[in-house]
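Protein chains in written order, with the working numbering: chain S, 1 to 402; chain V, 403 to 689.
Hint data in this document are derived by calculation from the structure and do not stem from the laboratory. Watch out, some of these pointers could steer you wrong.
Unchecked claim - Listing some non-contacts, in silico: residues in chain S with all C-beta distances to chain V over 10 Å: (1) S29; (2) V77; (3) P129; (4) E179; (5) V340.
As the list claims (entries may be wrong) - Per the computed footprint, the stretches of chain S lying under chain V, defined by three or more beta-carbons under 8 Å from a beta-carbon of chain V, are: (6) 262-276; (7) 384-397.
The beta carbon of each residue, even a glycine, is placed where N, CA and C say it ideally should be.
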Amino acid sequence: MRKSIVVLILVCFWACKTDKSQGESSDLSDWSMVETQGQNQSINMMMWKGDPKINAYMSDYVLPKIKSKYGIDVNIVSGQGSMIVQSLMTELQANKSESEIDLVWINGETFYQLRQIDALYGPWTSELPNAEFIDFDNPFIGKDFQQDIDGYELPWGNVQMTLIYDQAKIKNPPQNKVELLDFVKTHPGQFTFDNHFTGLTFLKSLLISFAENPDELYGDFDEVTYQKYSQQLWEYINKLKPYLWQNGEVFPENVAQMHQLFASGEIWFSMSNNDSEVDNKISEGLFPKSARAYVPDFGSIQNSHYLGIPKLSKHKAAAMLVANFMISAEAQSHKSKPEVWGDGSVLDIENLPENQKQHFENIAKRQYAPPRSELNQKALMELNPEYMIRLAEDFRTKIINP
Amino acid sequence: MKLKVYPILIKLLFWLLIVLPVVAGLGYALSYSLGLTGLLSKGFTLEYWQKALTTQSLWASFLYSLSIGIISVFISLCFAVSMALSWNKSIQQGRLSYFIFLPLCFPATVMAFVVLQWLSPSGWFSRIAFELGFINSLNAFPNLVRDFYGFGIIVCSVLLITPFFTILMSNIYKNENLLHLENLSKTLGASTAKTLKRVTLPILFQKSKMTLLLFVIFVMGSYEVPLILGRQYPQMVSVAIVQKIQKFNLNDIPLGFAMSVLYVILVVLVLMVLGKPSRKYLKPHFK
Numbered sequence: 001m002r003k004s005i006v007v008l009i010l011v012c013f014w015a016c017k018t019d020k021s022q023g024e025s026s027d028l029s030d031w032s033m034v035e036t037q038g039q040n041q042s043i044n045m046m047m048w049k050g051d052p053k054i055n056a057y058m059s060d061y062v063l064p065k066i067k068s069k070y071g072i073d074v075n076i077v078s079g080q081g082s083m084i085v086q087s088l089m090t091e092l093q094a095n096k097s098e099s100e101i102d103l104v105w106i107n108g109e110t111f112y113q114l115r116q117i118d119a120l121y122g123p124w125t126s127e128l129p130n131a132e133f134i135d136f137d138n139p140f141i142g143k144d145f146q147q148d149i150d151g152y153e154l155p156w157g158n159v160q161m162t163l164i165y166d167q168a169k170i171k172n173p174p175q176n177k178v179e180l181l182d183f184v185k186t187h188p189g190q191f192t193f194d195n196h197f198t199g200l201t202f203l204k205s206l207l208i209s210f211a212e213n214p215d216e217l218y219g220d221f222d223e224v225t226y227q228k229y230s231q232q233l234w235e236y237i238n239k240l241k242p243y244l245w246q247n248g249e250v251f252p253e254n255v256a257q258m259h260q261l262f263a264s265g266e267i268w269f270s271m272s273n274n275d276s277e278v279d280n281k282i283s284e285g286l287f288p289k290s291a292r293a294y295v296p297d298f299g300s301i302q303n304s305h306y307l308g309i310p311k312l313s314k315h316k317a318a319a320m321l322v323a324n325f326m327i328s329a330e331a332q333s334h335k336s337k338p339e340v341w342g343d344g345s346v347l348d349i350e351n352l353p354e355n356q357k358q359h360f361e362n363i364a365k366r367q368y369a370p371p372r373s374e375l376n377q378k379a380l381m382e383l384n385p386e387y388m389i390r391l392a393e394d395f396r397t398k399i400i401n402p
Numbered sequence: 403m404k405l406k407v408y409p410i411l412i413k414l415l416f417w418l419l420i421v422l423p424v425v426a427g428l429g430y431a432l433s434y435s436l437g438l439t440g441l442l443s444k445g446f447t448l449e450y451w452q453k454a455l456t457t458q459s460l461w462a463s464f465l466y467s468l469s470i471g472i473i474s475v476f477i478s479l480c481f482a483v484s485m486a487l488s489w490n491k492s493i494q495q496g497r498l499s500y501f502i503f504l505p506l507c508f509p510a511t512v513m514a515f516v517v518l519q520w521l522s523p524s525g526w527f528s529r530i531a532f533e534l535g536f537i538n539s540l541n542a543f544p545n546l547v548r549d550f551y552g553f554g555i556i557v558c559s560v561l562l563i564t565p566f567f568t569i570l571m572s573n574i575y576k577n578e579n580l581l582h583l584e585n586l587s588k589t590l591g592a593s594t595a596k597t598l599k600r601v602t603l604p605i606l607f608q609k610s611k612m613t614l615l616l617f618v619i620f621v622m623g624s625y626e627v628p629l630i631l632g633r634q635y636p637q638m639v640s641v642a643i644v645q646k647i648q649k650f651n652l653n654d655i656p657l658g659f660a661m662s663v664l665y666v667i668l669v670v671l672v673l674m675v676l677g678k679p680s681r682k683y684l685k686p687h688f689k
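Please construct the entire structure, taking both the sequences and the accompanying hints into account.
This is the structure in structure tokens:
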């Protein structure tokens, strides 16, 4: 009996041995080769599927276009941030020769982690014909969380953080830190921020506002600078804390939870990293029509989101074809329509050829958020990911469990 | 021949599907926590174990989870015993059984959201209280979810567990022929209260104590319910571990694994000390 158990276990281990055969190794620096190789394949794209409008944009617009243009089937798999990192990390640890994922939608924090574990393929973005029109000189696009993207991820969209309030309840939303403190004191329990990415982005905006010059915090992580300004930040948050939702003893776990609290009237403010969120949520019927987005005078973080190809992807050429279409003027302009998604384009629209520029003409303006030109004036750059790691840890030890 | 082959196959399946994955998972977590594996590992270190053993919030999480587990199981047990003894026949058959066992249809996540809808300041009870004029604003409703004492988590766990316990108690009552023993006790002169205290409850408890202990551990390790109804501090242990493994800092992953191995060790210790499980109980019967 014992022998048969041992034999069976050994057979199982043998069956689980890693496949060391090499994946796609052909030359992807020649676009005509990419077009030839990439067509008529099936790829898996892992992306956040938490917004019906974004899902509809992908399934009703991008996927059919890709299918008719290149014969590529894109299977969208739900997953974001840590799930993408965990999936690719597990594959690398298991010495897999090919990944289950061919294209990922990421932002700076995930990009930082994926570069840490060397999970991304690259450089590849300069091979894409449509990348010529990306506004790489714009630091909000060409840099991701102060990191050079070095061709390892492709800018796909650009957004800015906004605070969302209900103008039926608040006539003059607070514009600076003093006004915010006064507001929470006179309206206790109505303001909070979440314990995840959006809340940390809000904390980063506040952190930068304490610096005399934002440039002090830009660039690589600096311990002395962090200590200097984070101390002021935590002092300020501790002043706000007793007047926050649930006395600042608990924070919404993520932005979706905060939106629910705002929609149900439990809090008067929500926030979003997507400046079009308020229009989207009003059109979905989640937010009241009196909801409005704004950026306080101390500014808010503007950042871009990107597409990456895992190093172990078996279908890199197909993923590149899909990515190239997603940054085309046609796809970018459609994405920027408020009724579709309202996402900011990463293209340098002024320098587009006339036939492509026309795609961006006659796009209706959004109704409930200020125009991007106005938000741009208060835009702050994302900080190095190390700042977010430290803020997340210190928020836990200095605010949640002091 | 058949009689000999079947037990071997079942034993093999037990080893392959139950023992091997658990041991392999634990081994992997242990080696990760010691810096022996992982893409960012820098070689053997006890740093993460030192951190895990000296992190106050982790011990607070263990104690908090244990308290929530014990309280939830105790309350569920009280409800289950009351129902099993009061409506024993109706529970075994009839419409009442559908009503009592209805919560079994709800996955934990759904039940957590139901409790959130009931008890949050913008939930049903709060709105009813507001409409009836008991409170002057929704936020004046007491904090019953995401509260310090884990009230919402306990309510949800009780709703999820009570049907299981009701079935368990009802079956023990039937199988141990407790009705007969109760009648015998009363015939010999014991009062109803004394019969309950000296005959019924001791037998029910004795026969179910290992299951109760396992349910304490089940509640302690639950994830979705405290994620939805809990708060950031104190935090149930599963939520704390997952956040260490999945949040922004990849260098925290070995610490998360050290915490999970430590949790397993503590649970096994609790089982050994309180449960004293016999081989007969834990191992399946193959003969």
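Query raised in the report: Hints broken by the structure, by number, lowest first?
Result: As far as the earlier hints go, not one is violated by this structure.
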